[in-house]
Every structure is written in structure tokens, then in C-alpha cells.
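Undergrad: Taking the hints into account, I'd like the entire structure generated from these sequences.
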Amino acid sequence: QEGTKVPSKRKQNTSIVTSDLLHKNLLKSEQENWNDISPTYKAMTKRIREKLEELHNMYTLNSGSPRMRFGENVYFEENGCIFLAKADDDERNADILFSIEDLGFPDAFIQRIRISPDQRYMAISLKSENSEEATCIIMKLGNFPVVEKVIPSVFSFEWAANDVLYYTTQKNLKCQNVFMTTFTYQKHTKLVYTEQDARFFVDLYCTKDRRFLTINSNSKTTSEVWLVDCRHPFESPALVQARTTGVIYHIEHRKEQLYILTTYGEPAEYKAILADIASSGKENWQLVYALEKQTKLVDFEMFSDDCIMFLKNAGHLYLNVISFVSHSVQSIKLPTWACEFELESHPEHTTSTCYFQLSSPVHPPKRFAYSFKENNLIEQAVQEVPIITNCHTTRLLAKSKDETLVPITVFHNKNSKELHRRPLLVHVYGAYGIDLHMSFKEEKLMLIEEGWILAYCHVRGGGEQGLSWHRDGCQHNKLKGLHDLRACIMLLHDLGFSQPKHTALTAASAGGVLAGALCNTDPALIRAMVLQAPFIDVLNTMMKTHLPLTIEEQEEWGNPLEDEKCMKYIKSYCPYQNIKPQCYPSVFITAYENDERIPLTGILQYVQKLRKAALDHASRTSKKGNWIPNIILDVQANGSHCDSSWEHSLHE
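Numbering-wise (full-length UniProt numbering), the sequence shown opens with residue 1 and increments by one.
Derived from the structure by calculation, the hints contain no laboratory data. Wrong hints could be hidden among the right ones.
[To be verified] Derived PhoX-like pairs (lysine-lysine); straight-line CA-CA distance at most 20 Å:
id	residue 1	residue 2
1	K271	K293
2	K544	K568
3	K544	K571
[Said to hold, decoys possible] Computed Cβ-Cβ distance ranges for the label pairs, DEER-style:
id	residue 1	residue 2	range
4	K149	N415	52 to 62 Å
5	D229	A198	28 to 38 Å
6	I48	A198	41 to 51 Å
Predicted model, so just to flag it, every value in this text is computed and none were measured. Beta carbons are placed, not taken as given, at the ideal position from N, Cα and C, and that holds for glycine.
TA: Have a look at this one:
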């Protein structure tokens, strides 16, 4: 209309150009800073690298990759090659089927392998370390395997029948479309399902007996499952139960009945439910088994006459075996040092033994087997792996501000004297209902050998004590996680595990929120902080709806754009928003130039603001012995968000 001002595009473009330029200048100055500082650590880096490589060769090379058994055939992957061996033969006689280098992907690694029921086809996904997206390659097996099809940007895939593959595509960290493709007769691909809600993420799963393929659409708090009957893979998927806010559920199948793991009903923790395929709505669900309070369901595996639940309670791991024949539940406590389970991939549905590995940050994976017939646990001997005997595992409970007891797992060398003088590395995460990562890492064992104490704080917001543990630490409860972390560190010091001047705090990704917040509220508790691809600017990130994860993350952090109370609450703990002139610990941050999850700009601005606050404080106070912390940022040109490959973690 006349008289209305037309918004100037030039103005808009100028501000984008200015912020781009600012970003480039900040990045350049940080890279120069890193190039000046890194030579200081050259000798130390060399010593650490040699020690880690020695430990890696000693422990990891023995663990081998997972085996997939199909009748008489065993498939496995080693060094980028796919092998086929006979089940009762020596694996040294295995044949190489193909290598990923032959396929023209020398720098990629295999992420997922799925074999068609008749073993004529193999689908694999390949991922490079610089990208979140994977490429799916379908190989036609036989004497001379050939590439049948290449599908870019694939997230998950499963075989519904001998030549029918279902797959989901990934774009901007979102999976919303499911396709079906066939390879014989009339080859064709068609769209089967589309998710309209941006908060939901779609993936695929095949029930253990291969009767159904499930299309699972999940947000952070709600789920919906559609079934594809593998006997009729071209028929439309059938809905199990329409999504109900706050209800999560997953499907397994046995003898014409659905076994459902769900949070439906009180208390809102996982339960095992039984339902008929024809009447699968929640009004027909019958309770089979409910978890005890404060118990985390880590994994669930279905067999023909039993199901196994891997559980975690107050840091201890348990195995619960539910027999469908005798209707009994057997609970087995696993070794006290164990912190992580890993089920050996695709155990056969009818097998009489379940194999899995147990590990901890300082204990390399050890193989165990549970025999259904004998009803016992057997430790599998592995060839000459040195046993870690000099490491002590302690489990503590810290009392938080609201009297809640927070579990801590502590590792230290049994021979260490005067623990209060020893350096302490504290780990925290506390988000998304995800547990702290506690599988074996060479660098953790190296620290133990060098006299360090390692502490893992299982604060609220994580999933260590079930779903309520997560709910108690997300959205308007985020500060509870910070209170938990403070209580954990104070208890460790009170019990004589190190002291503030020898304490470092480490976190990755969303763990950066609590670590960064503690750095602002209680900087005197720690001397150093190490962050990897940290989320430290919660407020600004959650205000930007154009970023790929903002909408779906609202269930974790809240929506500051529409809720002023939420905006004020985020502002009260957000690490970037609460930096002030005070004596900060030294900080080392690793970030990735191509990180799609954590915008680099926020990290660059955080480092600048933190450095300025530390210098302001130092210039105002001329106390004797006053020190200026090192605040260092290493921006990696390669690697994606918290990449966990061996080469990458060695460099880190």
C-alpha cells in the first residue's frame, strides 16, 4: 500500500555480510591463537600419543568386530572388508566378499549391515567422518558380489522380504520419509510413509522373528508405530496405537502376539505389555512386567521362549530373564566393575545362549554368555588380554540441594596414596535422558595408570535412573542437574578425593550446558574445564527456529519464543548469558567447523566473552598470586559432531 515502508533487502543483506565477516575474523584469530599455543604441548602430546597407541594395540585389537550368524554362515567386518566364514570353521579360512575401498569409498567406515533373509543381498551404510549423512549400498552377493544400487542420504534400512528393502532418508538431521525399493521382477521404488510433525524422527526396525518391520516415529516424549507384515511387504502399513502425548512405545513380536515396551500408565516408566495383533490399541494392553523404581531399561532382547532385559539401578547392572514358558523372572547382578553392556549383534531368535560384552571406561570389553538351558552366566576367556586388577571402582551417593541422592561412579588406582593430592577428572552430561558414555577408552585407563581419579556424576536430566530421572532435569527443572553436579564435586572433595586446585571437569555436546553453568556459579570448585563440541549458548540457539534441531529440542529445553517464563529460566543458567568478571578456571574447547548440531559462531562468541571477563577480573584485582586462566579453542576443519572413531579420539 502507498505510504508503507518496504523493508530494505540491502539492510538485511548487509547485516548477514557483517555477521559472516565477524565470524571469519573470530575464527581466524582463534586459529592463530591455537597455532601459537599448541607447540607448547608438543612433548606432552608425543608422550600421550605413544602411550595411547600402546594401550590401543594391547586391548582393542583383541575385541574383534561383531559377528552376524545366518544358519551356517557367519558374516563380519574387519578393516573395511566384509568376510564370510562357515559357523563351524576357523575364521582364518574366511573369504573376503568385498572391501569398501573397492566400492570407491576409501575414507568411509561401515555404520550398519543388513542381510536379506535368503542371503542374496547385503545392504550396508557408509559414513565419512565429515558428514552426518550416510550412503546405502546394496550388494548382490554370490561368487562375484556386484553393486546393485546406491542410495544417498540414508539413515536406517531393513529387509522386509528377500528382495524388498525399506529405508528412511535423512535431510538436515531430520528423518521423515520412508521408502520401499525392490530388486527383482519389476524393479521400483515408492514412498510409503511421511511424517508431518517436525518434532518427530522416523526410523525402522525388524522384529526378532522377522515377522514384522516396524516404522517408528518418535519425538523426545511421544511415539507411534506402524507395522509392515513381512509376509505381505507390499500391503500398506497398519497402525498399532495412535500417538498419545507423553506415551512412548516400542514393538516386538512372538507367536502371533505383540510384546510392547511402553511408558503408558502410572508410574511413567517402562513396562512390558501384551496385545493381540488384531486389537493392538492401548485399551487392550495387558501388563506382563513393570520395572522397579529408579531403574533404567538399557536394552531388551526377544528370544523364542524368553526375553532378556538389561537394567541399570544405582549404577549397578542387572540381567532380568523373563521366561514365557514358566512365567518366571530371574534377576542376575553383573560384576560390580561393569558400566556398559553391548549385545552381540543379531543373536538368532531360536538360540539357547545370549552373548554380550561388558566394559567400563577403564575395563576393556569382556565377553559373557547367558545360557537359557543352564540358567547361568559364563565368562568367556579371551586370548591373553592383560587383566586390569589395580583399579578400584567405588559407587557413591551425593545429597543434592533438594535432598535427592545422586549416584557417582569413581575409579582410581588401588596403589594410590594420599588421594586428596591426586588430580581428579569429573565427567557430566545430564540431558535427553541419555546416560554418561562409560564404555572403554584408552585415555581413561592411561589416566588411572598415571594416578588420576575419574568420577562420573549421574545427574538428573540423564537417564541413569529411569525416565523420571530425565524428566526431573529437563525444561523448567534444568537447574536441578546443576545442583546435582555441585553436590557431587563437593562430596568427592569432602571424602578426600582430590581438592579444587587439582580438579578438572569434562563434558561433550549438551553436557556443556551444566559444565559451563557450574563454571559461572562455582568457578572455585575446579581448576580446569575441557569441552568437546559444547552446547553453551542455549538461549540464542533456541530462539533460532531455522536451525535444524530447534523445534524438536523444545521438549528438552522449552520454547523461549512463546513462553517468557521459559526465556527467563533459560537465561538464569545459560553458560553464555551468565559470564561475569571473576576468577575462572582454565578452559580447553574443541569445536568442528562443519558441525551441523552445534553452531560454531556461538562457541567463538563464548570464548571471546569468557576471555574478556577473565582479563577484566585480573585487571581489577591485583592480589598477589593472581593468575589469568588459559582459554584455548581448537577448531577442527575435519570431523563431525563428537566423532568417536579411534583416530579422531586419539587426536583429541
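Undergrad: Taking the hints in turn, state whether each one holds.
TA: Each hint tested on the structure:
no.: 1; hint: K271 to K293; in the structure: 11 Å, holds
no.: 2; hint: K544 to K568; in the structure: 16 Å, holds
no.: 3; hint: K544 to K571; in the structure: 15 Å, holds
no.: 4; hint: K149 to N415: 52 to 62 Å; in the structure: 57 Å, holds
no.: 5; hint: D229 to A198: 28 to 38 Å; in the structure: 29 Å, holds
no.: 6; hint: I48 to A198: 41 to 51 Å; in the structure: 43 Å, holds
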